[in-house]
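**Q** Listed below, chain by chain, are the residues.
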Amino acid sequence: MNYTPVVGLEIHAQLATESKLFCSCSTEFGAPPNSNTCPICLGMPGVLPVVNKKAVKYAIMMALATNCRINRRSGFSRKNYFYPDLPKGYQITQYEVPIAEDGYIEIETDGKRKRVGITRIHLEEDAGKSLHPEGKAEEVTSVDFNRCGVPLIEIVSEPEISSPKEAVAYANKIKQLLEYLGICRGVLAEGNIRFDINVSVMPEGAGSLGVRTEIKNLNSFHSLAKAIEYEIERQIKVLDNGGRVVHETRLWDEKKLITRSMRTKEEISDYRYFPEPDLLTLVVTDKWLDEISSTLPELPDARCSRIEKQYGIPHYNASVLTSTKPLADYFEQVAKLCKNSVRASNWVITEVMKVINERKITVDEFSVRGKALAELLDLIDDGVISQTAAKEVFSAMLETGKSAARIVEEKGLFRVSDEQAIREIVDKVIAEHPKEVKRYQGGKKQILGFFIGQVMKLSGGKADPKVAQRILQEVLDN
Amino acid sequence: MQIENALVKKVAALARLEFSDDSLASFVTEFAKIISYIEKINELPLEGLSPLSHPVEGVQMLREDKVKGSLSISDALSNAPSKRDGFFTVPRVLE
Ligand SMILES: [Zn+2]
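Chains A and B, in that order, are what the protein sequence lines are. Counting in my numbering, the first sequence tops out at residue 474, every number present. Counting in my numbering, the second sequence tops out at residue 365, every number present.
No lab work stands behind these hints: they were computed from the structure. Please note that a few of the clues may not be correct.
Claimed, not checked - Restricting the straight-line Cα-Cα distance to at most 20 Å, the calculated cross-link-like pairs of lysine to aspartate or glutamate (EDC-like) are:
id, chain 1, residue 1, chain 2, residue 2
1, B, K336, A, E24
2, B, K279, A, D266
3, A, K171, A, D297
Chain B extracted, bound-state conformation:
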């Protein structure tokens, strides 16, 4: 897989991260290394095997549909950098 500036920039944008041009270049090198390491898997003979749905074997436990109470509104909001009238507030998002 070819790793280019554009791809790293796209991934950074999706993750809402910003890099200087210098660190961008080093990311390109590091990404390329990681990807080529992972791509070794493609060398395995996997024909005829069904895909693994989950890396961990086992079955999901289910819980009964019971309400067990929630945080108080003030506790829920206690870590919020910005709040008003019981709401979390963020810079205006235009629809």
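Same shape as in the complex, but just chain A:
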């Protein structure tokens, strides 16, 4: 039997505000435990939450970026459950009417574009952090409430994702949008973005969806893909063996790379939502909405097509360069300052990104700034140095921080287009390879490339390959 996987994602993203959603405590990451708390976020009796305007603004920005309809009137509810990291015994979230609904984003996998619907985006507060220290003597769970009350948006997709690859493309696109908007720090390792998934498989030809399972709190693209992959295979196996899939929440075991059933009483969740009596209706006025949409930055898809056209670079290059905003900013800086923007795009994608990945740094931490790289690339286009020499200069720039021109001067890397100098090298190469000369003259013209390579090698990459080719042909053909 063939099955079609059906996957939906709920993405929780921490909003990069200074203060929490309902109180004025700092949202700083990595502060000493319980140093950013107050009576409101500790859930003391008699306190009142007050909504952070910037958090609402950020939620609206994401809603606009994902083509959602903004609900001008939305509300907050209480979601009731007991857990040590939730001091109030309830989470304030948006339930009946969220801030935004009915949007979509476009994703691309294997060159194919696809639209994935967004069901809703809502605002809510994060919970604290429970730590379970290892070791038998530690029979306690420690709780840090610094994260408690940090603003989150939850972005709920339609169940329109049909493979682990699409799920990663979707999650990546959401992360990219959050970063472009500057509303989320986007560090998965710090838990800024977390994924919940629901997975089911539909037998081919069946008109309705299969029974789904849920897996919560995945925090990397890798575990997102692996968990979906595992769960699809598990469900198909169950169905093929005549069993049935149980609707449940399953845990992802990061070490064994499997999902397993939780089988606890908590499984039957009954959150008893009701309107939060301490908060009134959240209203978004026309004026505010206009203000926010008019200041929305250029988004990745728009920037990709603009960069492709404006600089005349291949689509692939444009999409890689716009994968993050700092990278796109860096490329545009180089491209504006140098003569050859196609060359600039290739250099940023290969040479610059190689160093960034190797050193595990960000584009902003990369020491060769846009202007310095543009100067180097112009030396190639002005015929001052060869492509090979440019790579050497680039390494030296990284090490010394000196300008390209200065390094070329110091190392004497000027390209040799002086005919006499190249002729001498050609003579030497021909004298050293009598066998190859015979083969060439016997008709094997394709070994001309070998001779050019030898000339380039002997000249230390400085010979102009075009001049070398012309002289070689001149000498060999006569």
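We have chain A already, so just place chain B with the ligand on it with the hints.
**A** Leaving out everything else, chain B with the ligand in the frame of chain A:
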């Protein structure tokens, strides 16, 4: 709405409350009374009216995103029955 032992037990479990069988029986009676009182609302002709998003009219005020300081760690922990190294501690919760 039918109020039974099982429902009261479920609500009690969700609220982490425990009752003796005697008080359970009295809760069943009291719950039934309260629910039937509230259910009177269902008798109102409400067709064509949109649901009230909040029982209180008015618009939520918003505050600027400013950090205004927090409690000291020792103040934050001062009411905690159990604490260690700056953390609140609770009986171990297994994930
Ligand atoms: Zn607080």
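**Q** The structure should be examined with respect to each hint, and the outcome stated for every one.
**A** Status of the hints after comparison with the structure:
| no. | hint | result |
| --- | --- | --- |
| 1 | B/K336 <-> A/E24 | 13 Å, holds |
| 2 | B/K279 <-> A/D266 | 14 Å, holds |
| 3 | A/K171 <-> A/D297 | 13 Å, holds |
In the structure shown, no violation is registered for any of the earlier numbered hints.
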